[in-house]
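Enquirer: As you go down the protein sequences, you meet chains A and B in turn.
So in my numbering, spot 61 of the first sequence is number 61, and the numbers just go up one at a time.
Each number in my numbering corresponds to the 1-based position in the second sequence with 1000 added.
Quick caveat, the hints were computed from the structure, so don't treat them as lab data.
Check before you lean on any hint, since a few could be wrong.
[Claimed, not checked] Quick list of in silico lysine-lysine cross-link-like pairs, DSS-like style, CA-CA up to 30 angstroms:
#1 B/K1297 with B/K1273
#2 A/K54 with B/K1629
#3 B/K1432 with A/K140
#4 A/K6 with A/K82
#5 A/K82 with B/K1031
#6 A/K54 with B/K1713
#7 B/K1031 with A/K19
#8 B/K1297 with B/K1385
#9 B/K1673 with B/K1573
#10 A/K140 with B/K1416
#11 B/K1673 with B/K1440
#12 B/K1416 with B/K1031
#13 B/K1626 with A/K140
#14 A/K140 with B/K1629
#15 B/K1303 with B/K1428
#16 B/K1118 with B/K1135
#17 B/K1686 with A/K54
#18 A/K54 with B/K1753
#19 B/K1297 with A/K140
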Amino acid sequence: MRTEQKEYIILNVNGIDRKFTVGEDRTDVQPSETLAETLRNRLDLTAAKVSCDKGACGCCTVIVDGEATLSCSTLTVECDGKHVLTLEGLEDPVTGELDPIQQAFIDHTAFQCGYCTPGVIMTVKALLMKNPHPTENELKEALAGNYCRCGSHHQVIETVMDMTREEA
Amino acid sequence: MAEHRYLGKNQPRLAARDIVTGRARYAADEKIAGMLWAKVLRSPYAYAKIIDIDTSKAEALPGVKAIITYKNAPHWKAGMIIPHKHLLSDTVYFIGDAVALIAAETEAIADEARDLIKVEYEELDPILSIEDSMKEDAPQLYPEIPGNVADYEPFANQGMALTQEKVGDIEAGFAEADVIHEVTTVLENAQNPLPPESPGIIAEWNGEDYVTVRGSMSSNGLCRMMNSGCMNLPISKMRVIASYVGGSYGSKHFSSNGLIIHYAAALSKATGKPVGLFYDREEHLTCQTTRMNSIGKYKIGMKKDGTITAIQGEWTGEAGAFNGEHYMIIAVGLISQGVLAQSKNVDISTKIVLTNRQTSGAFRGYGYLENAIHISNALYQTLEKIDLDPVEYFRRNRLKVGDEFYHAYMCSGMVKAAGPDALEMINKGAEKFRWDERWKGFGVPTYEDENVVRAVGVGFCGQSDVGEQLANENVNLTFDGGVTVSCVATEFGPGTRDVMRKIAAEALNVDLSMVRVTDSDSMAAPYEWGSTGSRSTYAMGTAVLKACEDAKRQLFERVAQIFHCPPEALETKDGMVSIIGHPEATVPWIAAIGFNGSITGVGNFGGEYNVLVQQVQFIEMELDKKTGKVTVLEQLCSTDCGQIVNPDALKGQLDGYFPGIDMAIREGMIWDKDGRIVNPNMIDYKTRTWNEIPKHENIILESAADGNYVGTKPPYGAFGAGEPSLAPGIPALTLAIYNATGKWFTTYPITPKEILDALREKEGR
Ligand code: FES
Ligand code: FES
């Protein structure tokens, strides 16, 4: 049997370093594999949803090195050495304490079917990391790429505006 | 007004924490050991015969577990009333129709195998419009459906005139009219419900012909009823376990197009393994269901005071490539006549035709949205002739409590309106929107300068199926003071599981945290349809309430023996039972139930069809005179839900109004001349984005709380309000666009180009 030295990448996902070999085997991350596939299929981090698979709905949004990123349109190999934050990573793994955005979404029922919600929360999170007190227009602009069919827009906007105001 | 412990107050949704943390598992998040992946090879032609199909290369691919074509497919058929759509056949009926089903160890292998199948087709001339379907020389798509027109005789024989309405003397009615006007409206958007989650199903067929289906199914019992027979199984041999559902809006009832379930089940039967089939977005947009296209010709005779002396209609719907529940869509849709245009003389005939396009099916507003557009367009143009403000018309012609209206679906006869009276929602809405001030008359904008023109519009709709169908729920009280509601309500957005939970907590007077609702698993709860047709709060809620009362009766009978008092002298709170007025005489439930014991209450409800859920919407929009772009500036929904259960969840239901206005001006599938949908993705299928959300307000009245509600009482007076949120938007915008441009549009979506043309024409006048 021949052992070969494989190329590998390391992604820091929700604070934990994850090492993957890169190649064409089933167990390897293929060069064409998207970050959404890696998160969902290899790490069982299924909060990010693949809805349009074309960069048009925001359901797959995660945060890569502080930027809201569409994981369906990002190659995993491009994330080598980067920090990936998913919705699962917002909850404190020890205390179960939630991010204030998550808590506010619960308190104000800022969702309906919840399928768009992981992407919406991560988009809001990325915005607030840079701009803790956005104007309503800045918020709407940030969320412009997040598709929501149920019509949770009004409640999300009210919730986030309330929350960021309270903190002000 | 009755004070409630939980109803009308906000508590976090049952699903809240799962949803915001990502724990909520939707169909594609489910993992089943040993699951195979399915793919479907689909037809590139709208209508064709398969001359030859070669699967040998695909079969030889390592990891491929089964390939099914018409040659080895089980003899299953879908379609109603006479099943006619074979699971797979040597004929394909629309672009995207299934040609072969593949199951493989991985998704990638299934994909590769699909590409290796060679098919030779003989193209046939397709039918690509409603008109073409009815032509004499049109191809006959199915021998079971001669003339491509669905036959509903079997229902007529059961005394159900589902697709027709004839009351009074239509000729005499027109003879009494001061004005008579006829309008034909063509709805060919085929609007997609477009839930963010595409359908996904995992089927597991076991050896004794019993199938378990997991995934995105929003109406548990309805799904079983409509799909088990298609697979030659009795309902009892199909188990449905619903995941979290990422939006349905009707499309995941699988009430007529459940092919995804049949495909996965056939592959599971063939392989003996669980099989997952998850549609991608393009499949979802081209192969699942759209809103039913239809042509409606309505003629209205009206007196000068707005009384409708006669209304005559011909309404033709497009089933698409096979015929399913469309007769129900039409039957429910007929209600729009009673709600919008009540009259003593009515003659409406309807038809459903087949074409070689994607099938249509259930979508929020189920028939009454479509018919409300057809009727409103005729109505508004007639009102213009007598110059009557449409809001004033709605005030005068609304269904008052006790008024009779025709209910085709289920009743096929006249039903007496139980309420609520819509007057207050119309008045409160008009007042808040300042309608009287902003309405300047037909064809008159509210504002105009060289760049923009603004105008207002109003729309109205309603239905009376909120109490539809039999409901069965059980409630189990455990000795520790806990309550389990056995109910197949699904977690799909509106918070219906929370409604059941809160009704039980209210009825049994226990802490909300002590009440749980079973998963939506047909093995965990009594058979019943589930959440469809807006029936959850009223029909399911009534059965839950009755089950709680039954359990409480049993509990009190036992405690009465302890205290030697009549059961009526008892009350319960937080798992304790006391003699009313004697707190010292208190025992915990366990005293009556016994250690390790439980009490099961059973609740049934037989269905009611006289309570109306209605909504009026007001809109102000602005037209850009240079581009023809419509911007909705302000939108207001006004409704009455009897009694609010979950305030925030209900608000969300009304906030979801915009696919209605967007059906008027934006959304639709676009076909090329071969019948191919050219915009099956979310870049080309245009929807509203966050920065285009208008100023919006809801008025939600509670007639039950105010005590002016008459008729069969829904649980605590609550019957929901969410479903009608789309329907009024289209007539409202049509009217506003008329007021701005002087052109009555009768086809949709109304495009900027058409608006510019209309503005030019107006300026030229
Ligand atoms: S799934 Fe990534 S943007 Fe839609
Ligand atoms: S909450 Fe259902 S799509 Fe946004």
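Enquirer: Next step is simple, just say for each hint if it's right about the structure.
Expert: The hints, checked one at a time:
no. : hint                 : in the structure
1   : B/K1297 with B/K1273 : 51 angstroms, violated
2   : A/K54 with B/K1629   : 26 angstroms, holds
3   : B/K1432 with A/K140  : 26 angstroms, holds
4   : A/K6 with A/K82      : 20 angstroms, holds
5   : A/K82 with B/K1031   : 28 angstroms, holds
6   : A/K54 with B/K1713   : 48 angstroms, violated
7   : B/K1031 with A/K19   : 23 angstroms, holds
8   : B/K1297 with B/K1385 : 18 angstroms, holds
9   : B/K1673 with B/K1573 : 67 angstroms, violated
10  : A/K140 with B/K1416  : 46 angstroms, violated
11  : B/K1673 with B/K1440 : 43 angstroms, violated
12  : B/K1416 with B/K1031 : 50 angstroms, violated
13  : B/K1626 with A/K140  : 26 angstroms, holds
14  : A/K140 with B/K1629  : 20 angstroms, holds
15  : B/K1303 with B/K1428 : 27 angstroms, holds
16  : B/K1118 with B/K1135 : 34 angstroms, violated
17  : B/K1686 with A/K54   : 14 angstroms, holds
18  : A/K54 with B/K1753   : 28 angstroms, holds
19  : B/K1297 with A/K140  : 41 angstroms, violated
Hint compliance for this structure: hints 1, 6, 9, 10, 11, 12, 16, 19 are broken, all remaining hints hold.
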